[in-house]
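Asks: Starting from the given sequences, assemble the full structure and let the hints guide the process.
If you want the building blocks of each chain, they are given just below.
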Amino acid sequence: MKSYLSLIPISAKVRRRQSRMTLLCIVFAVFLVTAVFSMADMGIRMEQTRLLNKHGSLPTLQSLTDSTMGQSLYLIAAVLFVLIMIAGVLMISSSINSNVAQRTKFFGMMRCIGMSRQQIIRFVRLEALNWCKIAVPIGIALGIVTTWGLCAVLRFRVGEEFSDIPLFGISLIGIISGIVVGIVTVLIAARSPAKRAAKVSPVTAVSGNSESINSVGHAVNTHFFKIETALGIHHAVSAKKNLVLMTGSFALSIILFLSFSVLIDFVGYIMPQSPSAADIEISSSDSSNSIDSEMLGTISGMEGVKRVFARRSSFDVPAELSKDKMFSCAIDIISFDEFDLDCLTSEDILKKGSDISKVYGDSNYVLAIWDKDSPLEIGDKIQIGTEVVEIAGLLKYDPFNSDGNTNGKITLITSGKTFYRLTEETNYSLVMIQTTKDATDQDVEAIRNITGDEYTFSDQRDQRTSGTYTAFVLCVYGFLAIITLVTVLNIVNSISMSVSARIKQYGAMRAVGMDEHQLTKMIAAESFTYALSGCIVGCAVGLLLSKLLFDAVITSHYSYAVWNLPVASLMIILLFIFIAAILSIYAPSKRIRNISVIDTINEL
Amino acid sequence: MGLLEVKSISKTYGSGEAAVQALKNVSFSVPKGEYVVIVGESGSGKSTLLNMIGALDPPTSGKVLIDGKDIFSMKDSKLTIFRRRNIGFIFQAFNLVPELTVEQNIIFPVLLDYQKPNKKYLEELLLVLNLKERRNHLPSQLSGGQQQRVAIGRALISRPSLILADEPTGNLDTQNSNEVIAMLKEASKMYEQTIIMITHNRSIAQAADRVLQVSDGVLTDFGRCRE
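If you read the sequences in order, they're chains A and B. Going letter by letter, the first sequence gives residues 1 to 604 in the working numbering. Going letter by letter, the second sequence gives residues 1001 to 1227 in the working numbering.
Among these hints, one or two may not hold up.
[As the list claims (entries may be wrong)] Derived Cβ-Cβ restraints for the label pairs, each shown as a range:
#  : chain 1 : residue 1 : chain 2 : residue 2 : range
1  : A       : Phe578    : B       : Pro1058   : 34 to 40 Å
2  : A       : Ile86     : B       : Gln1021   : 54 to 60 Å
3  : B       : Leu1127   : A       : Val541    : 49 to 55 Å
4  : A       : Ser201    : B       : Leu1127   : 35 to 41 Å
5  : B       : Ala1182   : A       : Ala587    : 44 to 50 Å
6  : B       : Ser1140   : A       : Ala481    : 40 to 46 Å
7  : B       : Arg1135   : A       : Phe578    : 36 to 42 Å
8  : A       : Ile138    : B       : Gln1021   : 45 to 51 Å
9  : B       : Gln1021   : A       : Ser201    : 40 to 46 Å
10 : A       : Leu583    : B       : Arg1135   : 37 to 43 Å
[To be verified] Take a look, some chain B residues computed to stay more than 10 Å from chain A by CB distance:
#  : residue
11 : Gly1002
12 : Ala1018
13 : Pro1031
14 : Glu1034
15 : Thr1060
16 : Gly1062
17 : Tyr1121
18 : Arg1134
19 : Arg1159
20 : Ala1182
21 : Lys1189
22 : Phe1222
[Claimed, not checked] Computed cross-link-like contacts, SDA-like style, restricted to lysine to any residue with a CA-CA straight-line distance of at most 20 Å:
#  : chain 1 : residue 1 : chain 2 : residue 2
23 : B       : Lys1119   : A       : Phe224
24 : B       : Lys1116   : A       : Phe224
25 : A       : Lys381    : A       : Arg421
26 : A       : Lys105    : B       : Pro1098
27 : B       : Lys1078   : A       : Arg593
28 : B       : Lys1116   : A       : Ala219
29 : B       : Lys1075   : A       : His517
30 : A       : Lys241    : A       : Ser496
31 : A       : Lys504    : B       : Pro1098
32 : B       : Lys1116   : A       : Phe225
33 : A       : Lys351    : A       : Trp370
34 : A       : Lys105    : A       : Met115
35 : A       : Lys504    : B       : Asn1171
36 : B       : Lys1078   : A       : Thr520
37 : B       : Lys1078   : A       : Asn594
38 : B       : Lys1189   : B       : Arg1085
39 : B       : Lys1075   : A       : Thr520
40 : A       : Lys240    : B       : Ser1140
Since the hints were made in silico from the structure, they are not lab data. These figures come from a predicted structure and were not determined experimentally. Just so you know, even glycine gets a beta-carbon here, dropped at the ideal spot from N, CA and C.
Replies: Following this line, the structure appears as C-alpha cells:
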C-alpha cells in the first residue's frame, strides 16, 4: 500500500455486492445521456447528408436549428436532459448515502486510527470516482451499441426518411457528454455523503452504527395506526435526508413519465396516425363531383385493394345559420361514408357532447368544425335551401386544413345519403383507396390505368409515417422503461439498505414477539410512505410540467390543441410506483425472516 | 411437574469435522416462581441454552416444555405469539426501540398483540421500576440503568410465566446492577414469575434460589443455594 487511498480498490473488491447498485445507477445515467446525445448527433448528420444531396451544399448547424420545429425539439431535449441529470444525481446520491451509512463503524475506526475529516471526504469522493472507472466505459459502450441498434432499426425497418442515417457512427459529443455526466453527477452526488462520513465520531467505532438511539428526534405516534405501521411510517419520515431522496426518486420517475408522454403527444400532432389515411387518392381535377360512383365498385374488386371509400363535396353553398338571430353565409358541405364517419370516432376527433350516431343514414343531423373564433355550437340549426339541418357534433380541428384552423369557413360533414338529399349529387369528388400490405406496383399501376387522365391520381404510399411514428414511440417508451427500471431498482435497494441499518432492532422486536407478518407490514408502511410522498410531489410537479411543455411545444404550433389531464399515463406510472413499492418489500422481509434472531440481538 | 422442563437437549453447530457440540444432553426442570441463575465461562453454552428455552433457537435433539407444551412442535407463527404472551426477555444490550417512549417500549408486546394495556398494571409497573417521571422520555434520554429497567417493564407487561435474562447487568455499574436485580426480583415475586438469568456476577448468583452451571455444554445443577 502506497498511501491510505490504496485502500479504495481493496475496499471496492470486498464490498462489490453492496456497490452493485451504485455502479448500476452510474451506468444507467451515462448510458442514457450517451445514447440521447449520440442519437441527436446521428439525426443531425442524417439531416446534413439529406440536405447535401438535395441542395448540393452543406447546411450550417444554425440553419438546422433555426426552424421552429427544431427549436421545439431542442427545448424538449434540454428539459429531459436536465431531468435525467437530476434523476442520476438523486439516485447515485441515495445509493452512496446508504453505502456510507452502512459503514459508519468503518469510518469511525478510520477516525480512531488517525484519519482527518478532510482525508475522509477525499476518501469517499475518490471511492465514488473509482466506481466511474468501471461504470463510465460500460455506460458509454452500452450507449454506442444502443445507438447503432436504433440507427439500424430506423434505416432498415422504418423506411425512406431514415435511409441516410449513419449505421456505425461514433458520436464524440455523445461520448464526451456521457463522461461529463458520469463524473459530474458522481462528484455532486458524493458531496453530502462525504461530509456525512467526515462527521462520524471516532467513538462510533466502538459503539455501533449510525442508527443509534441518539439519532431519534421524537417519539412514534401510536394513536392512529397499529404499532408496526406507526413504526414503519416513523422510520420513513424520521430520516429527513433519506425521505427527501426517496421522495425525489419516486417523484422524478413520475415527472419524467409525464414529460415523455407530452413528447408522444407532440409526435401524434406532427404525424397524425389516421385510420382513414389513404394510400392512393383519385380526385377530380376541378374539385367537382365528376368521378363516377361506379368506379368504386370496380376498384374495390381489384388486386391489392383493401378498402375504397369516397367523398362528395359542395362548396360555397348559400345557407342561413340560426343562432340568436338569423344570418346568411356560404358554407362547404362534404359527405363522409360510413367508414369515414367511424374513423372520426376511433380517432377521438369529436368534441365532448357530440352524438355522431345521429349523422349516419338519411338524417337531419350534420357535423361541423369547432374553432375558437367560430360561433357554431352543438344544437345550432342551418337552413340549406328548403332543408334545415342540426349540428349533432363538432370536430376538434379542421382535418381539411394543415394547420387545423377553419379560418372562419363553415364546413359541414354529412352522411352520403343526407348529402344526396341536400344536393341530389351521386358522383364523387374524391376517391380514397387503402392498399393491402402485399400490394405491388403493378396493382397500383392497374388502378391508375382504369382512372385515366381525366382525374388526378396520387400515389401516397411513400408518405406513410406509421413506421417512423412507431419507431419514435418505441424509443421514447424504451427510455421510459429504463428510467422506470432504475427507479424500481433504486427503491428496492434503498428499502433494503434501510432494513440492513436496523437489522439489530428488528431482531430484538422479533425476540419480544413481533411476528413475520407484522415485520413485513412495518417495512411495507415505510415503503408506501416514500411512495405516497413521491406520488404527491411527482403528480403536482409532473402535471404542471406536462401542461407547460404541452403549451410551449404543442399549443404554440397547433392552436386547437388543448391539454387534458393525462389520465392513462398517470395510471400507468402510478401502477409502476405501486409495483416498485411492493417489490421493495419482498426481499428485505424475506431476509429478515431467514435471519437468526439470536445472531442479531446480542451483537454490540 | 415444573413450569419449565428441559428434556435431553443437545445442540450441534456445523457438520462433519467442523461440528461443534454446544450443548450435550441437558435436562432439568424449574418450578413456578423459582429464581434460577446460570453461570459458566464464555462460550460454555449458557446463552445457547437460554435461547432454546426462549424458543429463539431450536435444539438439534430433545424437547423444551413450558407449562406442559412442547414449544418446538408449534408452527413458527404460533410460537411467536406464544413467546409474546408467555416469555419475557431481558438482554444485556437492552434492545429498546429507539423511536418509542419509555411507556410505549414497556407496552410494546401488548401492542403487538393488538390489545389495550392494563392501565392499572402499567402504572404499578412504572411505580415499582421507578420510571413514572420518565414515562414520556425516549431511550436516548435515559441512563443505562434506567434503560434496563424499561426492558424489565417490557418483559413483565404481559405477565409472562417465564422471564429470561441474558446478563442483564453486563452493561451496568455495581449500584445500577444491584438496583435492577432488586427490582426484577421484587416484580417477579409480586407476580409469581419464574426467572432464569445468565450472569457472571457472583453476588447476584449467590442471591438466587438455584444455580446451574454450564461447562463445555454439560449442565451441572448446584441445587438450591440457600439450602
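Asks: Taking the CB of Ser201 of chain A and the CB of Leu1127 of chain B, does the distance hold inside 35 to 41 Å?
Replies: holds (37 Å)
Asks: Once the closest CB in chain A is found, is it more than 10 Å from Lys1189 of chain B?
Replies: holds (22 Å)
Asks: Measuring from beta carbon to beta carbon, are Ile86 of chain A and Gln1021 of chain B in 54 to 60 Å?
Replies: holds (58 Å)
Asks: A cut-off of 10 Å on Cβ-Cβ distance, and Ala1182 of chain B was said to be off the interface with chain A. Does that hold?
Replies: holds (23 Å)
Asks: When you check the alpha-carbon spacing of Lys1116 of chain B and Phe225 of chain A, does it fall within 20 Å?
Replies: holds (13 Å)
Asks: Lying within 36 to 42 Å: is that true of the beta-carbon distance Arg1135 of chain B to Phe578 of chain A?
Replies: Hint holds: Cβ distance 40 Å, inside 36 to 42 Å.
Asks: If I take the minimum Cβ distance from Gly1002 of chain B to any residue of chain A, is it greater than 10 Å?
Replies: Gly1002 of chain B clear of chain A: closest Cβ-Cβ about 23 Å, beyond 10 Å.
Asks: For the pair supplied as a hint, Lys1075 of chain B and Thr520 of chain A, is the alpha-carbon distance within the 20 Å limit?
Replies: Measuring from Cα to Cα gives roughly 18 Å; hence the hint holds.
Asks: Given the proposed pairing of Lys240 of chain A with Ser1140 of chain B, does the C-alpha separation stay at or below 20 Å?
Replies: Holds, at about 19 Å.
Asks: Quick one, are Lys504 of chain A and Pro1098 of chain B close enough, alpha carbons at most 20 Å?
Replies: Within the cut-off at roughly 12 Å; holds.
Asks: Quick check for students: does the CB of Phe1222 of chain B sit more than 10 Å from each CB in chain A?
Replies: At roughly 25 Å from the nearest Cβ of chain A, Phe1222 of chain B sits farther out than 10 Å, so the non-interface label holds.
Asks: How does the Cβ-Cβ distance of Leu583 of chain A and Arg1135 of chain B compare with 37 to 43 Å: does it lie in that range?
Replies: holds (40 Å)
When the structure is compared with the earlier hints, no violation turns up for any of them.
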